[in-house]
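J.: So the protein lines, in turn, are chains A and B. Position 45 of the first sequence, counted from 1, bears residue number 44 in the working numbering, the numbering being contiguous throughout. To convert a position in the second sequence, counted from 1, into the working numbering, add 425.
Honestly, I wouldn't trust all of these hints.
Unchecked claim - Mimicking DSSO-like on lysine-lysine, the simulated pairs with C-alpha atoms at most 30 Å apart in a straight line are:
(1) K661/B x K85/A
(2) K42/A x K60/A
(3) K85/A x K638/B
(4) K467/B x K85/A
(5) K661/B x K42/A
(6) K467/B x K632/B
Please keep in mind that the hints were generated in silico from the structure rather than gathered at the bench. Here the structure is a predicted model, which means the values were calculated and not measured.
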Amino acid sequence: MVSPKIACVAASLLLSLGGIAAAHHSGAAYDMEHPRDMEGTVKTVNWTNPHITFVVEADAKDGQPAQSFAFEVSSPGVLTRSGWTKRSLQPGDHAVFHYAPLRDGNPGGFLLRVNLQSGQELSFSLQPSDE
Amino acid sequence: MKMALPKFAVFCIALAFSAGAGLHCAAAAPADFDGVWVPDVKDQHRQEAQNVPPWKPEIVPQIQRLIAEEEAGRPFLVLSHCLPHGMPTWMLISHNAFEWLTTPGRVTMLGEVDGNRMRRIYTDGRVLPKDPDLTLHGYSIGHWDGDALVVDTTAIAPQAYIAISEAVGIPNNGDMHIVERLHLAKPNELHDDLEITAPKVLTAPWKTTRIFKRYPDRHYEIIEGECEQEDLIPGKDAYGNDIFVSHPQRPDGSVSTTK
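Looking at chain A on its own, in the form it has when it is part of the complex:
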């Protein structure tokens, strides 16, 4: 699991980039200017190239039924160098997912950050900042 320190560093690096690009293919399908949050439980982890995907079941609330969201994120290499492991996010984990939504309106988007119930934050950066 990622230490809070690593997550903090990764988050600050992410912010220092002033935005993030989808790894391996263009992020144009996502609205990076209007990120959203959702809460849900991880159903599926596809820890694979060219990009990782997580399927997350949104919590049913406020009269909204449960709904599956598909989140894309960078690659195993980039996330590993940002402190993640294959097990950082597992089926059954409940978390808040911060994401850039799909422009076509389908439920899902490009995952930017995850806040687990433990207080741990998971994020990533494509490259370290030049200190």
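Let chain A serve as the given structure and place chain B on it in line with the hints.
T.: Okay, now just chain B, sitting in the frame of chain A:
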């Protein structure tokens, strides 16, 4: 990271005395390039805007369409497959790291993502095979010119893209030739000066530089290149053995919420 000179000298003497090695000190790397190199993605984006390839007139409308599609939120996914990304796309736009390994007579670049992202650059004095099979990474021969590795790459498959971004790329369509000059601009900053000649799609050789950085203190490693686990997921066979089983996905290969 610099190799200690005495150690280097011993290595050369050992090579000189090794019977049948067929190698000599001149073939050894003069500088320490070994390690994990992370692409400078911000510079890639700067290059995308500032250094446009000299596309042939008949290619320009294709480029304009790809740019328009991306701006409309429908990007063409140049790298959405699991094939080797090939040359020169790997060096131009990848976000993933590679490991440089220098061994006698050869430099090897080990990449990530697909299962076969690897470049072999022969520095043993060989010439290009007379009738090589075409591959996505092509056939690379290198030689040391001072502290720079100069690499000639030919025999590249016509399907290998010349990609200027992850949404804009054109297959080279054949007869591409790439010359690279790889050198350390700083101890932990690798520059790859590329000259790409692609007569089917470019009016003139295109020169561009890509930057890679090494972070010794972070102890980065490249990871296993695996690109199948949306099609295959862990499961069991009839005997209870741990295997990967088929995992259907949408016809377009995209993420499915109904798996």
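J.: Could you run down the list of hints and mark each one as holding or not?
T.: Status of the hints after comparison with the structure:
no., hint, result
1, K661/B x K85/A, "20 Å, holds"
2, K42/A x K60/A, "18 Å, holds"
3, K85/A x K638/B, "25 Å, holds"
4, K467/B x K85/A, "27 Å, holds"
5, K661/B x K42/A, "19 Å, holds"
6, K467/B x K632/B, "18 Å, holds"
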